[in-house]
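As you go down the protein sequences, you meet chains A and B in turn. Using the working numbering, you'd call the opening residue of the first sequence number 340 and step up by one each time. Using the working numbering, you'd call the opening residue of the second sequence number 5 and step up by one each time.
No lab work stands behind these hints: they were computed from the structure. Here the structure is a predicted model, which means the values were calculated and not measured. Ideal Cβ placement from N, Cα and C applies to all residues, glycine included.
Reference listing, derived: stretches of chain A covered by chain B, where coverage requires no fewer than 3 residues with Cβ under 8 Å from a Cβ of chain B:
#, region
1, 376-388
2, 533-547
3, 551-565
4, 608-620
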Amino acid sequence: MESTTISDILLSLIALLIFPGGLFLLFVGLAYEWIDRKLLARMQNRVGPRWFQPWADIIKLLAKEEVVPDAVDARLFIGLPIIALAGVLTAAIYIPFPGLPPVGSFPGDLIVTIFLLSLLTICLGLAGANTLDRFSLMGATRALTQLFAYEAPFLLALLGPAFVAGSWEINEIIGYTDGHWLIITQPFGFIVAVIGLIGKLEIPPLDAPEAETEIVAGALTEYSGRGLALFRLGKGVALVLGLALIAAFYLGGVATPLLFLAKTLALLLVIVGIHALFTRLRIDQTVGLWWRYGTLLVLVQWLGIIIWQGVMI
Amino acid sequence: MSEVGKRESFTVPIGPQHPALKEPEHFLISVDGEIVTDATVRLGYAHRGIEKAVESRTWVQSLYMLERICGICSHIHAMAYCLGVEQLAGVEVPPRAQAIRVLVAELERIHSHLLWFGVAAHEAGFDTLFMYTWRDREKVMDLLEGFSGNRVNYSVNVLGGVKFDIDDTQEIAIREAISFLEERTHHYLDVVTQDAMFLQRTRGIGVMTRSQAEVLGTVGPTARASNVYREIRVEAPYAAYDKYPVKIILDSRGDLEARFVVRLTELFESYRVILEILETLPDGDLTTRIPRRIKAGETVSRVEAPRGELFYFIKSNGSDTPERIRARTPTICNMMSVVKLLVGHQLADVPMILAGVDPCFSCNDRMVVLNRGRKMEQLFTWEALRQYGIDYYQRHSA
Numbered sequence: 340m341e342s343t344t345i346s347d348i349l350l351s352l353i354a355l356l357i358f359p360g361g362l363f364l365l366f367v368g369l370a371y372e373w374i375d376r377k378l379l380a381r382m383q384n385r386v387g388p389r390w391f392q393p394w395a396d397i398i399k400l401l402a403k404e405e406v407v408p409d410a411v412d413a414r415l416f417i418g419l420p421i422i423a424l425a426g427v428l429t430a431a432i433y434i435p436f437p438g439l440p441p442v443g444s445f446p447g448d449l450i451v452t453i454f455l456l457s458l459l460t461i462c463l464g465l466a467g468a469n470t471l472d473r474f475s476l477m478g479a480t481r482a483l484t485q486l487f488a489y490e491a492p493f494l495l496a497l498l499g500p501a502f503v504a505g506s507w508e509i510n511e512i513i514g515y516t517d518g519h520w521l522i523i524t525q526p527f528g529f530i531v532a533v534i535g536l537i538g539k540l541e542i543p544p545l546d547a548p549e550a551e552t553e554i555v556a557g558a559l560t561e562y563s564g565r566g567l568a569l570f571r572l573g574k575g576v577a578l579v580l581g582l583a584l585i586a587a588f589y590l591g592g593v594a595t596p597l598l599f600l601a602k603t604l605a606l607l608l609v610i611v612g613i614h615a616l617f618t619r620l621r622i623d624q625t626v627g628l629w630w631r632y633g634t635l636l637v638l639v640q641w642l643g644i645i646i647w648q649g650v651m652i
Numbered sequence: 005m006s007e008v009g010k011r012e013s014f015t016v017p018i019g020p021q022h023p024a025l026k027e028p029e030h031f032l033i034s035v036d037g038e039i040v041t042d043a044t045v046r047l048g049y050a051h052r053g054i055e056k057a058v059e060s061r062t063w064v065q066s067l068y069m070l071e072r073i074c075g076i077c078s079h080i081h082a083m084a085y086c087l088g089v090e091q092l093a094g095v096e097v098p099p100r101a102q103a104i105r106v107l108v109a110e111l112e113r114i115h116s117h118l119l120w121f122g123v124a125a126h127e128a129g130f131d132t133l134f135m136y137t138w139r140d141r142e143k144v145m146d147l148l149e150g151f152s153g154n155r156v157n158y159s160v161n162v163l164g165g166v167k168f169d170i171d172d173t174q175e176i177a178i179r180e181a182i183s184f185l186e187e188r189t190h191h192y193l194d195v196v197t198q199d200a201m202f203l204q205r206t207r208g209i210g211v212m213t214r215s216q217a218e219v220l221g222t223v224g225p226t227a228r229a230s231n232v233y234r235e236i237r238v239e240a241p242y243a244a245y246d247k248y249p250v251k252i253i254l255d256s257r258g259d260l261e262a263r264f265v266v267r268l269t270e271l272f273e274s275y276r277v278i279l280e281i282l283e284t285l286p287d288g289d290l291t292t293r294i295p296r297r298i299k300a301g302e303t304v305s306r307v308e309a310p311r312g313e314l315f316y317f318i319k320s321n322g323s324d325t326p327e328r329i330r331a332r333t334p335t336i337c338n339m340m341s342v343v344k345l346l347v348g349h350q351l352a353d354v355p356m357i358l359a360g361v362d363p364c365f366s367c368n369d370r371m372v373v374l375n376r377g378r379k380m381e382q383l384f385t386w387e388a389l390r391q392y393g394i395d396y397y398q399r400h401s402a
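Bound conformation, chain A alone (with noise of 0.2 Å):
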C-alpha cells in the first residue's frame, strides 16, 4: 500500500465519484429509467414521456421542500434515502459496468453485492416503518414481506453460475460466462433472476408494496422532496445493475459496452414486457408464487447441477 500515489488515489476517485460510477451512473440510470416508461407506453397505446423526463422530475424534487411529519426520528427520515442510494452506488464499484471490469473485486464480492442491493429494499421499509402515515405501515409491512419473498430464490439463482464458475467473486464468474450461454443450460436460474430483479425494483405485477390504489405511494407517502427523488435514483440505478448482474451471469458476458447495452436493454425489454402484459399480485399471491415455484425452480436446478458435476466428474 506504501506504493499509492496521489494520481491512484484521483483515479480511484473519479471511477467512484465520477466513471463509471457516481454521476454517470446515475445518469445512465436514469437514462434507462426513461427507456422503461416510453416503452411501457407505446405498449399501452400512449405517447409516453419526452427524453428528458426523469432528469427533469429529479430536478424539480430536489429543489422541493421536504416536508418531515410530526412523530418521525427526523434523522432517520433524511438519512435512510441517503443510506438506500450509498448502497446502490458502491454495489456498482462490484459490478461490471458498463461492460468494463469492475473497478473493485474480492473473493465473495457476490454477496455484498446482492445484499448492498437488498439495502434498498431494507431502506424503503425502514422509511415507511419510521412514519405513523398507514398507507406507510401496511406499504412498509408488504416491503419486507415481499424481501423475505424473493431475496433467497434471487440469491440462489445467482449462485448457479457462481457455482458451475467455481468462485463467488464478480470477476470471475464473468470471465467464466463470457462465452458461456448459461441461459440454455440454468434456464429456471434466469428466470427466477429476472422475476427476482422485478420485485426487487416493485416493478408491477410485483407491486403490491407501493399498490397505488390500495396504500397510495406504500413506504414512501410522506415522502415529498428530496428523500423521493433519492429514493427514485436508488432505483433507477439498481435496475441498472441488476439488469447488468443478470445479463453478465446468464446471457454469455458483457464483454464490451456496447454489448452490455444490447443485452441489458434486451432484458429490459422482457421487463418492461411483463410490467404489460399482467395484472398486480396480492402480497398473499407474491409470497406464495416465491415460495411455492421460485424457490422449488432453483432448487431443482442445483440439484440438476449437482448431478451433472458429478456425472462429469
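Knowing the structure of chain A, use the given hints to seat chain B on it.
Frame of chain A, contents of chain B only:
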C-alpha cells in the same frame, strides 16, 4: 369503529382523497394484517343540492340541471325526467324520438361500461387493459360528439322529444364503430374469462349470493351477476324498449368475474339493439308540443341506467316549476353491498370490490333529514351558513 378483542384495530382510511377513488367518498377499513375486519362508509362529500335547485327552476331549465347529476350517464337522467314529465302532461312523444332516445341511451351504456371496465382493470393494477378500453371508448365518444357536439352532456332530450336526428352519414359512422367495438368486446370477454393472472384477482372474490343481493337491495349489473332478475328495460319497458326488447343477462356465480362477464355481455345486447333501431327507425317528427305549465299530479319514472335502476319521483302543482323532484341513483342502492362484501377479504381486494359495483359517488349524494318527533330545525340563512363555515375552519385549523 369496532374493536378486535381488546386490541385497538388498525384502520386504513380510503378516501375522501385516495388514488383508488375518482370521486370523494370515505371508507374506513379496519384491518387485521391484510384482512378486512370491518368497513364503514360515509357518504355526502359531493352533495350539490340539485333537488332543491330544480324547485326554483322551470320545467325546461330543470332538464339541464338534472342532466348534470352524472357526468357519465347524463342522458339517462334527462330521459327519466322527460318520460316522467311527459307522462304528467299527458303528451304522446313521436315514435322516432323515442327510438333515438333509446339509441343514445344504449350508446351511453356502451361508453359507461367501457369506462368502468378500464377503471376496474386499473384498480387491479392492469393498466394496459385500462388504456386499451379507454382508447376503444373514444369511438363511442366520437359518435356522441358527432351528432350532438358534446362528449359528456350531449343534451339530446327536450321535453316532448329529442333535439338531434340521425342522418345517413351518422348511421354509417355508428355501424362502423359498432362492428369495431363488437370485435374488441369479444376480445375483452376472452381476457376476463381466460387471463389466469386477472382471474386470480376476480374469480371467487367478493361473492354475493342471490339472497344476499336481494336483501341488500342491489340493482343493475351487480344484482344480475348474482342471478337476481332485475332489469327495468325488461320488467317495465319504457320509451321504445317495447318495440326493441332486450334480453336480460344473468350470471349465477356472484363474484367479481361474474360482474365483468355480465357487463361485457350486456354490451352485445346494446350493439344488437342499436343496429336494430338503425334498421327500423320510424319516420316522423322529432318533437311534440308540451305545455309550459304541467298539470298538477305526481308520477314515478323508472329507467335502467348503466349502473342499474334510476328512479325519479316528480310532483307538479300545476305551475311552471316542479314542486318536488326526487332522484335516486343506483349507486346508493349498491353501496351497502360493498361494505358487507369487504369484510373477510384482503385489503388488496378492496378497490376491486368497490369498483365491482361501478360506483358513481357524486351522483348519489342526497340529503334526507329524519325528524323523529324531535325538534330539529336546521335551517340556515345564507349569512349564518357562511359564518358557520368560517368558524368551523378557524376551529379546526388551529
